[in-house]
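Colleague: The task is simple: from the sequences and hints, build the whole structure.
Chains A and B supply the protein sequences, listed in that same order. Heads up: the first sequence is residues 1 to 391, going by my numbering. Heads up: the second sequence is residues 1 to 205, going by my numbering.
Possibly wrong hints are sitting among the right ones.
[Unchecked claim] Restricting the straight-line Cα-Cα distance to at most 25 angstroms, the calculated cross-link-like pairs of lysine-lysine (BS3-like) are:
no., chain 1, residue 1, chain 2, residue 2
1, B, K20, A, K268
2, B, K52, A, K304
3, A, K245, B, K52
[To be verified] Restraint-style ranges between C-beta atoms, simulated for each label pair:
no., chain 1, residue 1, chain 2, residue 2, range
4, A, S3, B, R77, 46 to 56 angstroms
5, B, R166, A, H62, 24 to 34 angstroms
6, A, P302, B, P140, 25 to 35 angstroms
7, A, P302, B, E128, 41 to 51 angstroms
8, B, P140, A, R179, 15 to 25 angstroms
No wet-lab data here; the hints were simulated from the structure. Glycine included, every Cβ here is placed at the ideal spot set by N, Cα and C.
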Amino acid sequence: MVSQQELVKEARENGMELLPLEKDTYELFFGPQHMATENYSLILKMDGNRVVKAIANPGFLHRGFEKLAEYRPWYTNIALFLRVCVPEPDVPEAIYSMAVDELMGWEVPERAQWIRTTVLEMARVTSYLFWTMGMAFKLGVYTAGQWAAAYRERFMALFEELTGARVYHIYTIPGGVRRDIPGDKWLRQLRDTVEYLKDKLKDFDNVLFENYITFKRLEGIGVMDKKFALEEGVTGPNLRATGVKADVRKLDPYLLYPELDFEVPVLKEGDALARVLVRRFEIEQDLYILEQLLEMGPPSGPYKVDHPALKALPRFKVPAGDAYAHVESSKGDFGAYVVSDGGNKPYRVQLRGPSIAHGIRVIEQLLVGARLADVPVILVSLDNCPPDIDR
Amino acid sequence: MENVKEIEFKVAPEEKVKKKPSFLKPWLGLKYLFKKPVTIKIPYEHTQIAEKYRGFHTLNWKTCIGCNMCGQICPARAIEMTWIEGEKRAHPKIDYGRCTFCQFCVDVCPTGALGHVEHYILTTEWKEEELELFDWVPLPEEKVRKFKDYRHPLAKIEHLEDGKVRYILRDGEAVEFRILGYGLKPPAKPRAEEKKESGEEKKTE
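Modeller: Written out as structure tokens, the structure reads:
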């Protein structure tokens, strides 16, 4: 019979930690096979129906993107980075491209800027619709969830027409975009889709966002403090729900955002309901931005930079230096820091994902004292992206 | 944190963002019971595939110059240069087990020999010989585009003696060639023959 101390010692020698057993609590492995967690897992210490302690257990999707990027040519990395956040793959593409543009000293053509802004906004709407589906399913309002999935499909079809793929677009590249807009027909389709979804938002309100069940379930759970959120580096809708005015599109404008007019929703409560309502208002504003962009119309001109280096992509070289670019994604502030030593591969690429801020420490704090039934709801109301945490 | 200067921007008024709970409104969703569903019945109905959907590759064997640009840009390293008897330059062989369909290889091709069609269906019946189909030297566009059902054009790959390969298309047409070797450098034996041939040509010139 081995004594407890010996076991603890042996575990520590092998780089593991043994947690002491308590009589009153039991341990519950929540995910990754649970529907709400998506490739992410939590170890919950439960006392009856209440969570005493939550331990985040990520790492199921670790692929070492940043290291892999150091072994691949500059352009090839686009096909790699978009896998960091699957619901909105255009964001990692765009930030990497913007950083490389800065290093090259390229002024991206106006038409490419218009297309990039439109694609980023479309990605935001698509991602919010995907999140609406998840949130509605966790609340048990399956009807609204299925509508969200169906309307997302319309945007997917538009992406397919524009980029040639449904999910992994591989569209934004350093120096512009890969393809031109297919024609006026596509713009008409986008306008129709935006108007259609604007009309359908009322139905979403009726069934999901103004439903009294939603209010009963979400009010007062998972409350995040303003100070705590700022200390942990939470960004995006989660921070705005705690009463902080922060949006990268306003604070550090990029692409065409200085010319666009839109409102930023801010709520003070910081609970799951506030996070949900902030996101609901964001969908409305994104559709409004898309309408403005369509009214502006794509400027004529080339859709990518004309440069001799683009003729031989495997030998494409970037001058030595470093650059940082960030955008406001549907989950928060998404940034990329790119360092070049003048070779045909990046020296180092560091991604700053929004999910790592609210996906590990914050969720561990918010879950303390919550009921087991509220765990998936709090988790989804934070909208974290497991591949972004693991990377 | 107090020293940080706040940038003023337009914030939505709180009453616009906030909603009021309602007991009756959710029942309005019932009207969707009488509407047409958005789902379709596969295989009786089809979705429309976009014109330039990134699907299977095509290769014009006459214009391919074997520069290996496609092999260098490929993020998944799915492309292997293949030496075929009768062809002066190597041609790419694409492994769809690795391919990510990013189509950077099509973008970099200097002569436009490598292209793509919108056909995309990769499913098989899980037979060994079927899995082999997806590691192929792409055929010219007209041979791939013959089939309108978005499936892979090959029905079978036969391995004959001394490195000969026969690609049998789904309508029975056969393409036969001999693979001499793989890699960037031409295989040893035919290299000598090629040298002789080129030498003779120079003499005649």
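Colleague: Next step is simple, just say for each hint if it's right about the structure.
Modeller: Hint check results:
no.	hint	verdict
1	B/K20 x A/K268	holds (16 angstroms)
2	B/K52 x A/K304	holds (19 angstroms)
3	A/K245 x B/K52	violated (42 angstroms)
4	A/S3 x B/R77: 46 to 56 angstroms	holds (52 angstroms)
5	B/R166 x A/H62: 24 to 34 angstroms	violated (44 angstroms)
6	A/P302 x B/P140: 25 to 35 angstroms	holds (31 angstroms)
7	A/P302 x B/E128: 41 to 51 angstroms	holds (49 angstroms)
8	B/P140 x A/R179: 15 to 25 angstroms	holds (23 angstroms)
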